[in-house]
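Quick mapping for you: the protein sequence lines, in order, are chains A and B. Just so we're aligned: 162 in my numbering is position 159 of the first sequence, and the numbers increase by one with no gaps anywhere. Just so we're aligned: 900 in my numbering is position 424 of the second sequence, and the numbers increase by one with no gaps anywhere.
Hint data in this document are derived by calculation from the structure and do not stem from the laboratory. Each hint should be verified, as a subset may be incorrect.
[Stated by the list, open to error] The calculated lysine-lysine pairs, modelled on DSSO-like cross-linking and capped at a C-alpha distance of 27 Å, are: (1) B:505 <-> A:304; (2) A:183 <-> B:673; (3) A:135 <-> A:445; (4) A:312 <-> B:923; (5) A:352 <-> B:923; (6) A:363 <-> B:916; (7) A:48 <-> A:413; (8) A:363 <-> A:307; (9) A:312 <-> B:921; (10) A:224 <-> B:705; (11) A:304 <-> B:923.
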Amino acid sequence: MSRKFWLATWSIALLAWLAAPPAQAAKAVRVHAITGVRIVVAPGKIVPEGTVVMRDGLIEAAGSGVKAPADARLWDGKGLTVYAGLIDPYTVRATPELKDGDKAPQWANANALVRPERDILPWAGDAAAAKKLREAGYTTAAVSAKDGMFRGQGAVIDLGDGSAQDNLLRTGFAQTVTVKPLGGGRDNDEYPASLMGAVALFRQTLSDAAWYSKAKSAYAKNPRQERLSYNAALESLQSASTGSQLVLFETDDVLDALRDAHLAQEFKLKAALLGSGEEYKRLDDVKATGLAIVLPLDFPKGPKLNGDKDPNVEIEDLRHWDAAPENPKKLLAAGVDVSFTSYRLDDPKTILPNLATAIKRGLTADQALAGVTTSPARFLGLQDRIGTVEAGKLANLVVVDGDLFVEKPKIREVWVEGNRYEIKDSKPAEIEPAGTWELTVKTADGRDIPGVLELKGKADALTGKIAAMGKSAEVTATVSASNLEIGFEGAAFGQPGAFTMTLEINGDNATGSGSSPSGALTVTGSRTTKPSAGSTPPASSGVAQ
Amino acid sequence: MKLNPFKLTLCSLVLAAPILASGDPEAWKSTIPDQPAAVVVRHATIWTSGPQGTIEDGDILIQKGKIVTLGKGLAAPAGAVEIDGTGKHVTPGLIDEHSHAAIVGDVNEGTHIVTAEVRIHDVVNSESINLYRELAGGLTTANLLHGSANSIGGQNQVIKLRWGADPDGLMFAGAPEGIKFALGENPKQSNWGVERKRYPQTRMGVEQSIRERFLAALDYKRTWDEYNKSGSQKTSDRVPPRRDLQLDAIVEILEGKRLVHSHSYRADEILMLIHLADEFGFKVASFQHVLEGYKVADELAKHGAGASTFSDWWAYKFEVIDAIPYNGSLMTQRGVNVSFNSDDSELARRLNTEAAKAVRYGGLSEVDALKLVTINPAIQLHIQGQVGSLEPGKDADFVIWNGHPLSNYTRADQTWIDGRKYFDRADDLAQRDQLVAERKALLAKSKASNKEKDKDKKSDGAEAKKPEYLLWSDNEDTTCRTESGRNAHGIDGLDTQEVWQ
Chain A
4 MSRKFWLATW SIALLAWLAA PPAQAAKAVR VHAITGVRIV VAPGKIVPEG
54 TVVMRDGLIE AAGSGVKAPA DARLWDGKGL TVYAGLIDPY TVRATPELKD
104 GDKAPQWANA NALVRPERDI LPWAGDAAAA KKLREAGYTT AAVSAKDGMF
154 RGQGAVIDLG DGSAQDNLLR TGFAQTVTVK PLGGGRDNDE YPASLMGAVA
204 LFRQTLSDAA WYSKAKSAYA KNPRQERLSY NAALESLQSA STGSQLVLFE
254 TDDVLDALRD AHLAQEFKLK AALLGSGEEY KRLDDVKATG LAIVLPLDFP
304 KGPKLNGDKD PNVEIEDLRH WDAAPENPKK LLAAGVDVSF TSYRLDDPKT
354 ILPNLATAIK RGLTADQALA GVTTSPARFL GLQDRIGTVE AGKLANLVVV
404 DGDLFVEKPK IREVWVEGNR YEIKDSKPAE IEPAGTWELT VKTADGRDIP
454 GVLELKGKAD ALTGKIAAMG KSAEVTATVS ASNLEIGFEG AAFGQPGAFT
504 MTLEINGDNA TGSGSSPSGA LTVTGSRTTK PSAGSTPPAS SGVAQ
Chain B
477 MKLNPFKLTL CSLVLAAPIL ASGDPEAWKS TIPDQPAAVV VRHATIWTSG
527 PQGTIEDGDI LIQKGKIVTL GKGLAAPAGA VEIDGTGKHV TPGLIDEHSH
577 AAIVGDVNEG THIVTAEVRI HDVVNSESIN LYRELAGGLT TANLLHGSAN
627 SIGGQNQVIK LRWGADPDGL MFAGAPEGIK FALGENPKQS NWGVERKRYP
677 QTRMGVEQSI RERFLAALDY KRTWDEYNKS GSQKTSDRVP PRRDLQLDAI
727 VEILEGKRLV HSHSYRADEI LMLIHLADEF GFKVASFQHV LEGYKVADEL
777 AKHGAGASTF SDWWAYKFEV IDAIPYNGSL MTQRGVNVSF NSDDSELARR
827 LNTEAAKAVR YGGLSEVDAL KLVTINPAIQ LHIQGQVGSL EPGKDADFVI
877 WNGHPLSNYT RADQTWIDGR KYFDRADDLA QRDQLVAERK ALLAKSKASN
927 KEKDKDKKSD GAEAKKPEYL LWSDNEDTTC RTESGRNAHG IDGLDTQEVW
977 Q
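Extracted from the complex, chain B is given alone in its bound form (with noise of 0.2 Å):
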């Protein structure tokens, strides 16, 4: 067969076209981006948030998909991919402690008090918008957390936010496994005005509710002793005990395998569960929000307990009153492993200057600032061997901003994970033009198939619904309702922010 070398051409040509850079606004269609051999990127500011503090006219050499080195002047293999940093500023990778921007579903489970059995992993939503906006504010590293509305909640998943990935490949391998705890309002529910009266309804409940399972993990935990020593298990005529997935995670809590996040605000629920866990011998590995903090620093830093917070938000509810934005510098300065996390998939696309705001806010140097959203918040997860920091050997997950990484003026231009490139700038801006070419093509074909459907269909104003009013009246069932038939206040869907906080 002779082969026509203008069909040829014509078929490269359609073959290069459909390739779009990696970040589309759906995963699915975007492509995970190459791993090159090397990367040098040359020239610019590094803020390594490690031992070697901040270098001026830096190069960090990245191989494989880890750092390699970092310096001035830095050989490059042949064929490494280099990037001309001048003007520019390099930070590790932003990780946010507290997020809840990639999850299918509702982020409670808030039927029961304690929910230990249910799973982030099971949830993690891999197309989800949030992964990509995030990555554009520099964002690498997030914790996904269960909501707040149980004492014990579900077990959190720390992801990275490779856009395009599927589920699996958004795991963060290695991270230790953990688990959300709440205390205060949002599970005791008190003041929240539903028919339904979920027990505990006070502080003390909290505490009891808490108290409670880990009592009946121990028992748990003897009972499989017992069975396990037997000998019962190779004999197999001895009923075993039937596993429970819920003691199972408290009793991995027990066992040190298990890192617990409590969401707490108050100075004396915060002391609660310090008390708690040095009862039962465990160590809690953060406080989220923790906004009163600062008055029991000392105790906080005695415990070894990091405290994930917020830069300044505050006066969203009575229990967070006592609130001040020199929260994180305050337990800074007694020694405590603080970290700023967003709550929020909107704030998280900008860390950077939530941390700036600790420098304003209790003086804080601006590389300690930096690390509130990077090696601070690594430690807070257990996962500082591989990310949190540019130090050889660490996973090759940073940013690459066009200014000083704490000024609001400035902009991520590309954000790396693990050698990476996932996001960058300038393809999110030529693609644009793209997009809404595709758009109106698709727009096109559906008005020629629809022509002759829309022809039938007449105006439907007539079908329009009456609109739905949330009324107070004699029928309790009605009341803080919406449509939906969810609580307002957000404990079961995700309505407003304020119950995350």
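Bound-form chain A, shown alone (with noise of 0.2 Å):
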């Protein structure tokens, strides 16, 4: 292939380029249709065959009468179902722990465990956790801080690759709170050691929070008095303790449950519940509550039954794990308001399966839909953007061939904001594609393209980046099985959108296919070079986002 021949290519592409509005001619123009696909517009509302148009982002739209514009890339759905991308609303990131000798912030609270300044968004961004919850489905999540008492202002973030704030929805959604002793990184000697003291350091920092909001009244009301201290956890209180921010209680049990109602009540908190599993004991207690409820389905497994040995299990522990599955049903049929999470699962996509049992136990399938889609999207007040396929809304879909709430469904793609992500199967790794490949990509039309793809580190944690037409871009490389799978943005090459390619590696060749902005590619190439034996660089968690 000559170099002017690639030239030429790029001309084009350049022309067509300019021809577009000129708004939008910085940008990589993102249009997608899903022609022939059933869709499943919200709860209840289904459209047995139709098409959804995605335009920079956003559904433009989707139903049974809906033409694929002549722009759109198509993506053919017959056979497939598509649902609006999950929501969790409910998931944590790890912060920085205080070390023994670390000193808070001087402007901060004196217990370390009070952090209500703390905003996650810098840790929010974490591309190996999105791409978990994109494989169950999801495609936005709210984050909180993992460890404190008073974690901090929670954002809400889209799964797409990027930085956080690429993705971020809204910030500050919710102060998250654990009424609980001791956090991350501390030693017991530390206060509160007890649950009684945990409390009461919660209604102290209240109480501080409705001095200080006095105190400052006064003294911007008449400055010839002592001056009064800046502190930054009371500032960020303000609006938890007034009632007009989320104040989101995490809780291990009922009993926490109607504690923490409680202590919303006293201090008149906008509050909500992340649950505990068991609310179905004390059913109208929870419900008196009048909170909204996070629901994890971390269902307790059966006992461990050794032939007909009498396990040594407690019938307390019996009932539990017979009556845990019911718990989603009981609470909406008490008519709690009920939105589920993945928190607390080993695996997000266990939510799926588990959904499946709690509609085995009456649970309707409208009402599994709900609480992973319409009633996180109100609950985070994001109603408006996420929730449903609707046109106007955020283009976040997860596609699936069958249902979704089944043991094993089979989740083919999502869409983060009109971005696609295949959904595989990942196998264990049977190869080390380390080293520098030479490959042909043949296009749609018949064209033949070098490029050389070089890669780094072990199979779990592949670096590199791909070379052609002396542009190159980094790439994200998974391995599964013999099977090597990349993708990379077209931006570099002056393509609007993502590439992907799934190799075969048999020792140094490599075989197989792809997809490109401009259609479909198959793909031969060989390894050129190995990286000598030990020396393989140390496995990076940096694959390029």
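Bring the two chains, given one by one in their own frames, into a single complex with the hints.
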């Protein structure tokens, strides 16, 4: 392939771009249409076959009479079902721990558990966590700090690649609170070491917040008195303590729920609960709190049985094992506002089979869907932007072969703000593809394009770049069995959208296929150099994102 | 639509079956028993612990949860629940003046020497099986106390053992607020061998730690009084004092609004707190344990403090070396209001036989001995207007025993609170088979659903955890610490009951 030919192709692409509306010129044009697909628009609202059109990250149209526009990249959705992308209203991120001897900032609260001023945003972006959630069908997640009592300001982000800022939907959606003793990285000599001590600290802190507000206004009225010191913690608690910001209490059991609801009432907070799964035990009390519940679905495992030997298990535990999957149904039947979360599951993917279990025990499929789409959207105050497959909403979708709420759901892809993420079952790596690969990429219109792929690191933590046409881009690279999957943004090559390629690796040979903004690709190639033994660079988590 | 009578019959059967007696082993599954409009127990020996003394072949009439009359051959309203008490004894529901039986989380906030801001009220554990077991021993009221790791510890909570109720439903309405103090080894901790050294480490320091807080509370109160007097609250142009929940509680002690229950053993420390209380102008409602109380009984009586002690529990630490089983009787004889407490969730199931020991040691009358676990603790908690004796107008909290209440062959047949039968031994026995059957059915269900999963799981013997040993090593951190990092002597975790005594 000659350099001249490339230049010609380039020029055509450039011209096509320039012809686009000027406001869009600097941005990649992102127009996609999934055709012939079954659309679950919202709980209880199904279009048996239709088209979903996405433009610039929004749903432009969705329905049976919708036609794909001429500029859309087409995706055949025949036999597939598209749902609104799932929304997780409660995920947590670790923030740097205070170590022994660390001094809290002077302006902060004396107790290290009280960090209401901490904004999670700098820690909210986590490519690996986002990928895991996407594989479970999630496209949006609320993120809170993991440790502490007053854990700080939570954010809501979409789960696309890029920084948290790029994906941010909302900052400060809630002050997350755990009224429990001890946080991360602290010795148990620190106050409080008991639950009742934690309650006392909570109460004193909110009392302080109310005092701070009065003190500030008194000082503003009359500055001829001892100056009031600035306090970042109490400052940032004002919106929560005055009932304008949501306070989300994390609970471990039903007594926590009742206790936290009392505290919310005592201080007139706008509150919600992260549930425990045993709300059914005191359902009337829980209902009477009037609080919305974000409900984890970590149903207990049954006892370990060893033949006919009576296991050493209490009737209480057996009852809970039996009753827990009915908890979602019972809460909804009682009229409680429930959203579901993957929190407390070892793998977020388990949310779908667990919802299937709850459905077997009386939850309706519509309730299940609402609990992972429309209810959390409303809970997060984002019902105008996410939660349904409707024109004007963000193009956050999950595409499934079959139903979503089954033991083994077959999620094919998720779309986050109009960007496609193919979901594949990953298997243990059988190859180590690090090295330099010379590839030939055959385009849909029959052209051959040479490229060089360089990969570093072990199969579970690959980094690398791809070079072609004198340009290069960073790639994401993952291995499943003997398959290498790479992805990269076409921007560096003047192409509006993402490239993906799946290569079957056989020794030093690679064959496979891929997809690009301008159509399907086939790929062949071979490895020309391998990293010398023992000099494999340390695994890095820095997969290009 | 035509009704199918067969179906209706089935429905009513299904509805009737799952209603168990109130006393399920799980509180949330237990229903609150009905309160009959009227109940009368007849022909029983009634120990009133009150002015009516003991009534042989007596009747007690209850209406809407309150005692109406006691006597012989009482007329009862139509429809009253009649209970034949022939050969049985009726006493007031027993009261445990020192309990930790139903608290969620640690019983001590042991990090600071003074933690007056913490409240047991926030952590009452309505789900603890201790409550049901203690009901079965005739207990109806308990004073849930903070632990003894602090010179001024947390605020206590008096509860009724209403099995099945949520935490709010357990609270003893109208019981005055109180607070736990502690003196001696537990707050000073000088012999605990832990790395952490918390001030104070001497008995002098314990006194000082209390005095310092009372002085701070006076100062705090003065600041508030001045602020309130200045009218600045209305103009809101002066920065108000910051509310301090710890000092609030201590101010309430000074104002006589909060009862002090102080853990203590030795005569010197008992005198110390009496002097300090006299100096600051408040009364100590009760000394707890108070095992050397017999040495300072006159001083206790003069101050007006109650003494809540053990019947015969000693030799568990050095500072209790002078304990004697005659303590309760001797203090009673010198005019001190004495109660016997459990400080232990198991002992609280048989406080009646604890009381009986005062007859054996010191020769208290049987009536006075029973008062050690009925009216006397009620007086110490300032709830004698509602409970503690069988008198017209008081709460219908009573126990029907199958024999003499001070005999260790006797058991409680029924325990009533607020005119509701919370425990019935016959119901409990009847329910046991049902529970065994329920458990069996659940196991069978579990077996069926686990069959597949179990197949995948091979023996996990290889993963067996190595046992963890407690070793004396160069690293001080590991000494006296269990694998959970908690102190084996129990200040943080309730590992041993010695700590609480």
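Outcome of the hint check:
1. B:505 <-> A:304: 21 Å, holds
2. A:183 <-> B:673: Distance of about 25 Å is within 27 Å: holds.
3. A:135 <-> A:445: 32 Å, violated
4. A:312 <-> B:923: 11 Å, holds
5. A:352 <-> B:923: Status holds; Cα separation ~25 Å.
6. A:363 <-> B:916: 23 Å, holds
7. A:48 <-> A:413: Status holds; Cα separation ~21 Å.
8. A:363 <-> A:307: 23 Å, holds
9. A:312 <-> B:921: 15 Å, holds
10. A:224 <-> B:705: 20 Å, holds
11. A:304 <-> B:923: 12 Å, holds
Hint 3 from the list above is the single one not met by this structure.
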